[in-house]
Amino acid sequence: MNTSLFAHVLQTYVVIVIAVMCVYAVRHFWFSISRLSMTQRPSFQDLYDDELPAITVVVPMHNEATVARDALEALLNADYPPDRLEIIPIDDQSRDATTSILAEYADRHPIVRPLYVLRGARGKQNSLNVVLRIAKHPIVLVFDADYTPGPGLLRELGAAFTDPEVGAVMGRVVPRNTGRNLLTRLLSLERSGGYQVDQQARFNLDLLPQYGGTVGGFRRELVERIGGFHEETLAEDTDLTVRLYAQGWKVVYANRAECYEEVPHQWSVRFRQLRRWSRGHNRAMLRNLSAIVRSEHLSFIQRLDGVLLLLVYAIPPLLLGGLAANVVLFYMGAMPVIASILIGFFIVGYNAVGNFAPVYEIGAAELLDGGVERIYLLPLLFTLFLFNSAAVSAGVFDTIGDVLKSRSVRWDKTGRARRPEAPGRA
Amino acid sequence: MISLTVTIIAFAAVFFAPLFMAGVELVRKRDAAALPLTPEYVREPRFFARSFREKIGRLADAPAGTPAGHVLSRVDDDVHVVDELPYQARTTDTRVLVVRGSADYPKDVVMRDHYVVGNASGGERLRARTILVEGDATLGPGLRVRRWIDAERSLTVRRGSGLGLSGSAGGPVTLEGDVRFTRVFGTPVRTAANGGAIPAAPHLPGAEIVDAESVHAADIVARGDLHIRPGARVHGSVKCHGRLVVGAGAVVDGSVTVRGNVHLGAGAQVTGHVFSEASIVLSHEARVALEGARKSVYAARRIVLGPEVTVWGWVFAERGGRTTGA
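Residue numbers (this note's numbering), protein chains in the order written: chain A, 1 to 426; chain B, 1001 to 1326.
These are calculated hints, taken from the structure and not from any lab test. Some hints could be false.
Here are the simulated distance ranges between beta carbons [said to hold, decoys possible]:
#1 G1196/B - Q40/A: 13 to 21 Å
#2 I226/A - V1014/B: 52 to 60 Å
#3 A339/A - S1003/B: 24 to 32 Å
#4 P82/A - A1212/B: 41 to 49 Å
#5 F300/A - A1217/B: 50 to 58 Å
#6 Q40/A - A1200/B: 27 to 35 Å
Per the computed footprint, the stretches of chain A lying under chain B, defined by three or more beta-carbons under 8 Å from a beta-carbon of chain B, are [what the hints assert, rightly or not]:
#7 51-61
#8 180-192
#9 232-239
#10 376-388
In this text, a Cβ means the ideal position worked out from N, Cα and C, and glycines have one as well.
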């Protein structure tokens, strides 16, 4: 390949990168406008109902002795009739006191029916497939073990299934350990933007709000009918979301169904989490992209949103490639100095404020949530640029390796931030 | 040289100022707490009454005639306990009052928060902020409530009244003509035989049709408008992405979820929820939910209740509702 042709290829690549960035920037900007100044679509949380749907609540656990009691106590205190409620904590090959804690609660509370997974592949998706077979009730709600749902939350999530077209529901996750360090503060901002603005806007605009795997639920028979959860996935939530949409079902986002969670406070833990999300999400993208594009149940704009949703974890390496191409073009003399600098700033700036840290979405979210001083932290989101790009890109390379080598995926649990419970606690 | 130095300093200031502010917030942690949720929150149609009773209910046993001080945690709350209403027509009272007996309100009274241990009646053109009644309440006409009203047994609201944010009762709620409301909860909520015009059902050209007098035994999902013709029976829930008209005497044995407006014809019945992202009209003798299985009529915009409508449960209009009447 001669130098001129190579330069043209790189220049074309940079143009594509800029076009992709513009599309995502417009999308995020549209979402922010929708949330701030357009009609907000109501969810079903204001419905009062004497005949609540029977639900099974699932809490996957692997070495969760530090948080298991809190999660179970919160669920047992739910404002939900016990005869309409079943709680299945899944002990996924724990090696700590989780097993004994679950046994203790099962003895005391008939509605607690633990599932003990003793051998085989670990992972939420495998456990959920077992739950699909043993759950007694038609609606399954899923919580992570470190979540402590309030008493009204089950009601609020269950109400979404009033709509016969709804296949899944998603609530809002709010970090509890916000003030611990820089990472938790930045993740808190990201979560606000992601839920308060991004998810609600997609719901407002009749696009594709996402089922998020926790603080959410789905119709059991429906998931069984579409083949259960793929065992070769690390992002069973994304996978389920797109499969539901592709077959004409809807996901409801319930912004006021809120639940505290703990976000990672160590950069290494966050790196692994993001890498796993990227790997799982990209596998889901490869598996479902054509189904979304070809779905006859979705409008053009919904399909476009679905494609952008699926590609979101494939973008960072594309952008890093754009930066590299920019540098190469600069040294080849094929790009004017000013243009090269501007494009470099554009890519870095966009990724800092537009993609993984959509600054206007976060700003809008903080406005809606009443955040005042925390908005000053927005410039520090710049620090997440390289970090997020590296973690997500690592996930992309994992995905490529998985595909090329037909490699099985292995579940990697996110480390808990909460301290171990005191010895002798009842 | 000086201009270059100034330029560099200006650039550095512009570049580092936001980072400096971020650093200050990071160190001082002025806004580092988790977003305040209310995890104990539970959807409860009579929440206001329960909360108010918890604060003020114990005063029902306090000696009459003595000021009880501040019990509502507001500096301007001046709570007094009385055996009987000390009001005459056109009285204005800024106190929070605990009435240990029944209260028969004269005309044109302007008052604040009242806790009535017995029954409440009268109240023509009564202006109040809050009323909690432990017995039966029959108030109006022309009652104006700014915040909420609740009766432990039954609540009857005469014509031309406004219920503020919430009107509720442990038993039946009866609304006469031209009553304005936002949320009403009762077992059941009924409207009286009022006059007044009910908005006509919209014409829906191109709508999907459920034939008159037919029986449909499955959920229905309509991509556009849907017209369930008179006398039809649907055993299942309905989802409609456009507008929905349920004809006279038709029955939906399930819930109704609609993106557009909903119009329930005369005598039409829905046994589940009626949920609309726009507005809802319930015509003459329309019924929603069943005794012992309370549900909701929810509209993101407005609700119009015609005469002799019955709703077992909650009627909730985000932008306000009204009963028909002159």
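Results of checking the hints against the structure:
Evaluation of the 13 to 21 Å hint for G1196/B and Q40/A yields a failure: the beta carbon distance comes to about 31 Å. With their beta carbons about 54 Å apart, I226/A and V1014/B fall inside the hinted range of 52 to 60 Å. A339/A and S1003/B have their C-beta atoms about 26 Å apart, which keeps the hinted 24 to 32 Å range intact. Judged by the Cβ atoms, the range 41 to 49 Å given for P82/A and A1212/B holds: they are separated by roughly 44 Å.
F300/A and A1217/B have their C-beta atoms about 34 Å apart, which leaves the hinted 50 to 58 Å range violated. For Q40/A paired with A1200/B, a C-beta distance near 29 Å keeps the hint of 27 to 35 Å intact. Figure legend: the region 51-61 of chain A, annotated as covered by chain B; annotation inconsistent (1 residues with Cβ-Cβ distances under 8 Å, at least 3 required). Under the rule that three or more residues need a Cβ within less than 8 Å of chain B, the assignment of the region 180-192 of chain A holds, with 4 such residues.
Given as covered by chain B, the region 232-239 of chain A fails the check, having 0 residues with a CB less than 8 Å from a CB of that chain where 3 are the minimum. Only residues whose C-beta sits within less than 8 Å of a C-beta in chain B count toward coverage, and the region 376-388 of chain A has 5 of them, enough to reach three; the restraint holds.
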